[in-house]
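> Sequence:
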Amino acid sequence: MPEDRLKTGGIIMLRSMYAAISGLKNFQTKLDVIGNNISNVSTYGFKKGRVTFQDLLSQQVSGASAPSFNRGGVNPQQVGLGSKIASIDTITEQGNLQTTGRSLDLAISGDGYFVVQDGFNQYFTRAGNFYLDRDGSLVNADGLRLMGYGLDANGALDKTRLQKLTINEQAIHQPMTKFITLTGNLKPDDFIDLATGTAKAGNFTTDFKIFDANGKGHDATIVLDTPTSSQIDPADPSKGYYVKSLTFTITAAGDGTPHTGTITFKPDGTVESITPTSDTFNFGADGVVNIQNLDFDTLTLLSNMPENADIVGDVASLDSFSIGSSGEIYGVLSDGSVQLLGQIVLSQFNNPGGLTKAGSNLFKASANSGEPMIGTAIDAGSTIQPGALEMSNVDLSEEFTGMIEAQRGFQANARVITTSDQILQELVDLKR
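For the numbering used here, count along the sequence shown from 1 and bump the result up by 38.
Treat the hints with care, as some may be off.
[As the list claims (entries may be wrong)] Below 25 Å or equal to it, Euclidean Cα-Cα: the simulated PhoX-like pairs (lysine-lysine) are:
| hint | residue 1 | residue 2 |
| --- | --- | --- |
| 1 | K402 | K197 |
| 2 | K122 | K225 |
| 3 | K197 | K122 |
| 4 | K282 | K63 |
| 5 | K304 | K282 |
| 6 | K216 | K238 |
| 7 | K238 | K202 |
| 8 | K202 | K254 |
| 9 | K238 | K282 |
| 10 | K225 | K238 |
| 11 | K238 | K304 |
| 12 | K225 | K282 |
| 13 | K247 | K304 |
| 14 | K402 | K202 |
| 15 | K122 | K395 |
| 16 | K202 | K395 |
Bear in mind the hints are in silico, worked out from the structure with no lab data behind them.
Make the full structure from the sequences, and use the hints.
If you want it as structure tokens, here you go:
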């Protein structure tokens, strides 16, 4: 019947219109993804997105029939109902590495992600531009702390847990103290009146640390006592008196015994001898520390020199640091030694494409990414390149080609809608 034909024709026109509308929406989404890729072409560690399409259900006009004795088989007749987004993928292939020469810029060559933490929230990133905060902690641009393996009490890597990585004096695992050195100059007139030889009620006191076998520091204090009359010598009264000797006392927290000794001086204010030259501190459960040498030989008592005496107990300071290709952080100490300060770790996933983008160059684990597998760069089969950064993996030529494709696809679907509208108008005009 004519009415049935008009009705069927109208349905066909509406079907093509709605199919074209789905195409418009999909190509708009593709343009959104392309625009985001292009805007992040210079974002360190950025992983580009990709849109894939798939068709919707098809309307069955007629079914298929099998061959018979008299006739061959007939294929089904179906009309598609448009398209939809099949996936928006994160392409995790590596970007190019750009050399920066900055020691805290780190690039991963191979698989894996840096692990950063904000409180108890753990994130993963390929952006390796890190910084030091005022506490010496390694952080990213937003202050999230870089995580890794720290040192245990014996100065070995503790791989049982992740902790924030620091590069400062506290990160140094100090060796057991073997030497205590008092050096510099003291003013003799702080101890006696050089004209009369009368002792003054004053002394020299300074604090330092004694380290046990586990690198644990114990607070200690040395005191140079006010000299007695027998410790003041009028070698040449016309030139004034001088300090012949001083008694010192060392006390350390955890060791209940005061350790005393005597420093003997020459008339010119330099050290002649010290007794004793070694000592032993017993810290109970923390063990015994045997001091092999009480070294006060460079101490002076000179009036014409500034007072700058100080004591150290094998304490080394951090002069510089470097990061190895496996993520080890090494410190170069003031005594020339090199010490391991920590280990940067990498996290791998069974499905890195399943990670959720969290903004700020960060990813979070999802239900389909798998649990993070954390280990060293060697465990991941990767290397960490200091002084370099991984660039975005966006290819502009590819993105512009995709943009042209999306634009033409959008235009074509818009033209289908226009054509469908014209044909519907023709159907409406049949009534005139």
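> Holds or violated: are the alpha carbons of K238 and K202 at most 25 Å from each other?
Violated, because 51 Å separates the two Cα atoms, which is more than 25 Å.
> K225 and K282 were given as a pair; does the straight-line alpha-carbon distance stay at or below 25 Å?
This hinted pair holds, its Cα atoms lying about 14 Å apart.
> Tell me if the straight-line CA distance from K282 to K63 falls inside 25 Å.
Not OK: K282 and K63 at ~96 Å, beyond 25 Å, violated.
> Holds or violated: are the alpha carbons of K304 and K282 at most 25 Å from each other?
holds (7 Å)
> Does the alpha-carbon distance linking K202 and K254 stay inside the 25 Å limit?
holds (20 Å)
> Measure nothing beyond the straight line between the CA atoms of K402 and K197; if it is 25 Å or shorter, mark the hint as holding.
holds (22 Å)
> When you check the alpha-carbon spacing of K197 and K122, does it fall within 25 Å?
violated (47 Å)
> Sort out whether K202 lies within 25 Å of K402, counting only the CA atoms.
Judged against 25 Å, a Cα distance of about 18 Å means the pair holds.
> CA of K225 to CA of K238, is that 25 Å or under?
Roughly 12 Å separates the two Cα atoms, so the pair holds.
> Starting from K202, check that the Cα of K395 is at most 25 Å away, please.
Holds: K202 and K395 sit about 23 Å apart, inside 25 Å.
> Would the pair K238 and K282 pass a check requiring their Cα atoms to be no farther apart than 25 Å?
Judged against 25 Å, a Cα distance of about 14 Å means the pair holds.
> CA of K216 to CA of K238, is that 25 Å or under?
Violated, at roughly 33 Å.
The structure fails to meet hints 2, 3, 4, 6, 7, 13 from the earlier list, while all remaining hints are met.
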